[in-house]
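Okay, here's what each chain looks like letter by letter:
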Amino acid sequence: MTHMLDSTLYSLCLSIFVGVATGYLGSLMVLEKMALVGDALSHVALPGLAIGITFHFNPFLGAFAFLFVSAAIIWQIQRTTKISFEALVGAMFTLALAIGILIYGDNLDALEKALFGDISQVTILSTTIAAAVCVAAIVLTKLIYDKLVLAMISEDLAISKGIKVARINLLYLFLVSVVVAIGIQIVGTLLVGFLVIVPAIAAKNLSTHMRRYSWLSAVFGATAGFSGVLIWSIFFGPNSSIPFSGPLVVFSGILIFAATIVINWRFKITT
Amino acid sequence: MAENNDYILKVSNLSVKLQNQTLLDHMNFNVKKGTTLAILGPNGAGKTVLLKTLLNLIPYTGSIEWTEKVKIGYVPQYVAVSDIPMSVREFLSIGNGVNFENSLKKVRLTDNSILNKRLGVLSGGQLRRVLIAWALNDNPNVLLLDEPTTGVDMDSEEPIYLMLNEIKKTQKITIFLITHNIHIVQEYADALLAINKCLTFCGPAEEIAKPEIQKQIYGETVCVETERGEK
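So the sequence lines, in the order shown, correspond to chains A and B.
So for the first sequence, the working numbering puts the first residue at 1; every next one is plus one.
So for the second sequence, the working numbering puts the first residue at 1001; every next one is plus one.
One or more of the hints may lead you astray.
What the hints assert, rightly or not - Below are the BS3-like pairs computed for lysine-lysine, each with C-alpha atoms no more than 25 Å apart in a straight line: (1) A/161 with B/1106; (2) B/1033 with A/161; (3) A/161 with B/1017; (4) A/82 with A/161; (5) A/161 with B/1010; (6) A/268 with B/1117; (7) A/161 with B/1168; (8) B/1071 with B/1010; (9) B/1017 with A/82; (10) B/1032 with B/1168; (11) B/1168 with B/1105; (12) B/1069 with B/1010; (13) A/161 with B/1071; (14) B/1010 with B/1032; (15) A/142 with B/1117; (16) B/1069 with B/1106; (17) A/164 with B/1017; (18) B/1117 with A/204; (19) B/1105 with A/161; (20) B/1032 with A/161; (21) A/164 with B/1071; (22) B/1033 with B/1106; (23) A/164 with B/1069; (24) A/161 with B/1172; (25) B/1010 with B/1172; (26) B/1105 with B/1033; (27) B/1069 with A/161.
Claimed, not checked - Selected chain B positions facing chain A (in silico; Cβ < 8 Å): (28) 1052; (29) 1055; (30) 1074; (31) 1076; (32) 1080; (33) 1084; (34) 1085; (35) 1087; (36) 1090; (37) 1094; (38) 1118.
Don't read these hints as lab results, they were simulated from the structure.
Yeah, the Cβ is synthetic: ideal placement off N, Cα and C, and Gly gets one too.
Build the full structure now, drawing on both the sequences and the hints.
As structure tokens, this is what we get:
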């Protein structure tokens, strides 16, 4: 019982850090028109999780390794072939899914946890590490945020100002891989893309300025994560008919998104 | 005959080849300090490639020699701002944007309320002025403008060139601008560079009024050999 309470408290803390990080980094993903890339990329973690479980090391290290290696491969192929990012991520995503299913085999319980998230095993150590990594990812992203936005406005303009666009894009992909790997604990590989996309598009509904957009996206990410895990802990739990918190996080986020649509429609904030 | 140190740029034997296609072919020209150079040519002639090459964004062969203390401001033809929730103030603050209110005055955007507007809701003319103000933030001595009136209605074009002319005089900067408008070349440029992969004309801008020069520029492409460095 005490273990469950501790685990819930750590999960709530973790959901705030993960929500802020995915929301903040996701705000750039949405502006890059790569929302679906963020979603598909998260599924690439599946084989990494499977290898971690099979060989008894932290599955999230495996998830991160797979995410980052895949992101780097996609980045390099895109640079050399000019094939669209979406197409490459789509190919990599389905390949990873196929490899993941093969590795999991008949271990359906582990597969379910990987797909929808498992917060029952969250400890104070894993929460502390995840929080530190999320903060580092946010700080690093903040340092390159303006440069990435300038490159979105005009890559030539950014390069002419001495910005190493390819390098900061790779750093950004690395940071996205990190926070997605951590977010998988809360909502699973199938739903973590939600935390990258929806807080950002909700924030966009209420923003005429970049600063408001980025912090609102972070706040909405944290609110969706925290309220989803809280509602799940109070009304459901690991032994209920809904043993995973991920779907509740998604419902919370969708309510926020719907509210921003109504507010924007009523007050015409972005028009 | 211009003195050697009157020039801000010397280009010799400049060629650009990408994927086995020649985009620029053996160009030689010099540009004097404090002048406006108009770059003219049909679509696909390599005008934008030339500007990007001068910015060192594209690999080339030959030589591009800027004077030692050159500081370049660049205004691209296209920018993607419609979907980005960024205010004018935030945009102008990117990079060395400490003195952007002064830059806004230079481009005659004196109403400070524009600072809180989203880039995506600006008119074509306002957006071009904001982009020019951003380029002026670093106090450049060279401005490269790729069709500076793209997306601007015809009535608003002339005021932008008038403004650029004034900036050139007061800031003593050299302007390179790509245009398709012969009237603009005649009114606001000092020198003209016509290209169609190679140089088809290089000389004083007023020459554009001569029918034989227009034929030379817009007729069948005949590459001209300039005396190296002179225009």
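Output the numbers, in ascending order, of every earlier hint that fails for this structure.
When the structure is compared with the hints, none of them turns out to be violated.
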